[in-house]
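Each chain is listed here by its residues.
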Amino acid sequence: MTVSLPPSLLATLPGRFYTDPSIFAVEQERVFESMWFAVARSSDLATPGRFETADVGRESVLIVRGRDGRLRAFLNVCRHRGAKLCVEPAGETKRQLQCPYHAWTYGLDGKLVAAPNLTKMPDIDRVEYGLIPVHLREWLGYAWVCLAGDPPSFEDTVVGAARARLGDAEMINHWEVDTLDVGRRIVYDVKANWKLIIENFMECYHCATIHPELTEVLPEFADGYAAQYYVGHGAAFAEEAQGFTVDGSEGFDRIGGVGEEQDRKYYAITVNPQVFINLVPDHVIFHRMFPRSADRTVVVCDWLYTKEVVAGGKDVSRSVELFHRVNRQDFDACERCQPAMSSRAYAKGGVLVPSEHHIAAFHDWLTAKLA
Amino acid sequence: MIPVCALADIRPGEAVRVDGDPPISVFNVDGELYAIDDTCTHQDASLADGWLEGCLIECPLHASCFDLRTGQPTGPPAKVPVRTHEVVVQDGHVYVLAVAVPVTT
Ligand code: FES
Ligand code: FES
Ligand SMILES: [Fe+2]
Numbered sequence: 001m002t003v004s005l006p007p008s009l010l011a012t013l014p015g016r017f018y019t020d021p022s023i024f025a026v027e028q029e030r031v032f033e034s035m036w037f038a039v040a041r042s043s044d045l046a047t048p049g050r051f052e053t054a055d056v057g058r059e060s061v062l063i064v065r066g067r068d069g070r071l072r073a074f075l076n077v078c079r080h081r082g083a084k085l086c087v088e089p090a091g092e093t094k095r096q097l098q099c100p101y102h103a104w105t106y107g108l109d110g111k112l113v114a115a116p117n118l119t120k121m122p123d124i125d126r127v128e129y130g131l132i133p134v135h136l137r138e139w140l141g142y143a144w145v146c147l148a149g150d151p152p153s154f155e156d157t158v159v160g161a162a163r164a165r166l167g168d169a170e171m172i173n174h175w176e177v178d179t180l181d182v183g184r185r186i187v188y189d190v191k192a193n194w195k196l197i198i199e200n201f202m203e204c205y206h207c208a209t210i211h212p213e214l215t216e217v218l219p220e221f222a223d224g225y226a227a228q229y230y231v232g233h234g235a236a237f238a239e240e241a242q243g244f245t246v247d248g249s250e251g252f253d254r255i256g257g258v259g260e261e262q263d264r265k266y267y268a269i270t271v272n273p274q275v276f277i278n279l280v281p282d283h284v285i286f287h288r289m290f291p292r293s294a295d296r297t298v299v300v301c302d303w304l305y306t307k308e309v310v311a312g313g314k315d316v317s318r319s320v321e322l323f324h325r326v327n328r329q330d331f332d333a334c335e336r337c338q339p340a341m342s343s344r345a346y347a348k349g350g351v352l353v354p355s356e357h358h359i360a361a362f363h364d365w366l367t368a369k370l371a
Numbered sequence: 001m002i003p004v005c006a007l008a009d010i011r012p013g014e015a016v017r018v019d020g021d022p023p024i025s026v027f028n029v030d031g032e033l034y035a036i037d038d039t040c041t042h043q044d045a046s047l048a049d050g051w052l053e054g055c056l057i058e059c060p061l062h063a064s065c066f067d068l069r070t071g072q073p074t075g076p077p078a079k080v081p082v083r084t085h086e087v088v089v090q091d092g093h094v095y096v097l098a099v100a101v102p103v104t105t
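Sequence lines, in order, name chains G and D.
Position 251 of the first sequence, counted from 1, bears residue number 251 in full-length UniProt numbering, the numbering being contiguous throughout.
Position 5 of the second sequence, counted from 1, bears residue number 5 in full-length UniProt numbering, the numbering being contiguous throughout.
There could be a bad hint or two in this list.
[Claimed, not checked] Cut-off 35 angstroms, straight-line C-alpha distance, at most; resulting in silico cross-link-like pairs (DSBU-like, lysine-lysine):
hint	chain 1	residue 1	chain 2	residue 2
1	D	Lys79	G	Lys84
2	G	Lys191	G	Lys369
3	D	Lys79	G	Lys111
Don't read these hints as lab results, they were simulated from the structure.
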């Protein structure tokens, strides 16, 4: 940057970082194909043979539950001549994964189990020519995959993000997120670069302007400091709010492990590069971002509640509605910014005010990755 | 007689394939042994790699099932039966009689 800024301001990234397909391609490689990426809710793949496919970086990844009950991930590519193995986003197979081209057939563990003329080619090793495995870890009830040959430490980069925000490695366990059920899932197709969504989620300078319902429940958000600005800070509910709901009406019982200290508070965590987690006493809101192109990002948002709430058919609509509105308000704002990213006015980028200065750390993190 | 393997080496629900011309597979269905030609009559697939359910072996490639007792396919795409063979167990060893049993239709 050639222009020097007054101390109150820090520079954002230049506009082209949000529009240039070649920068997006480098991000795919160095960020999304190199880091842990939350792809699927484990309970959506509850039984052997259930599978999902997802684009992670530039690769299609297949996640499938094996006969032994284990989740595994593979590159979704046939080892014969490269046909895409599973084309559906999700489904169930009885026993095996079969390529629709020449019928190479793989077990749920990825091993090549059959192929036309296979016994006449005894030199084909069935593991060597099985599906190519992708690293997979389960945490908080999600399957996280990493396409890197040698993945970064899951403890440092994923669990560590929660620890850094909450100031305590154990605290997130209080929400027992892996035992919760999906009460509602909403998929948002956002016409904006993934970084606009992360940056938006990291600050609350916009809260008083675009989130009337949220600031009603969390009055301190009107001051513009997001929960991500602090370590270990939960934003207190308004005196008159009985629960984290669109009208401040009562929520549900606290999740088992959530104690007095976390009652009537809201915590938020960003796990770079594609997960946002919001924790309130009676539910968890879990966002997964799937970047599609420089100007398009699909966001899958799960509202997670205890089994009693979901199986009991309790009405979750008032808590879903609160954050659904917040999401819409945020994504509308991101979509408003996206076209301007290619404007001359934004060629050198914009500025961050003090309550947004922590976003500069995200930019530093990203530019170091791309360097 | 074609030697196959020790009786203990062919566990219930599994198959042992004997390479030959043509290859033959012996299946253990809850302790009962059955031998058939290993190659599916639709395309060249090894039925020993298939899925055993009761007395039916499902081809791993296009899911035709063959009845191990008769060799008959239960449905398409395979139309032609596989040959069945007699199994002999002697002194803890499994053998298949080289002479094929004629196909029963
Ligand atoms: S490309 Fe998959 S079997 Fe040929
Ligand atoms: S090869 Fe057996 S059914 Fe096609
Ligand atoms: Fe917001």
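Checked hints:
1. D/Lys79 to G/Lys84: Distance of about 30 angstroms is within 35 angstroms: holds.
2. G/Lys191 to G/Lys369: Given pair G/Lys191, G/Lys369 holds - Cα atoms ~24 angstroms apart, limit 35 angstroms.
3. D/Lys79 to G/Lys111: 29 angstroms, holds
In summary, this structure violates none of the numbered hints.
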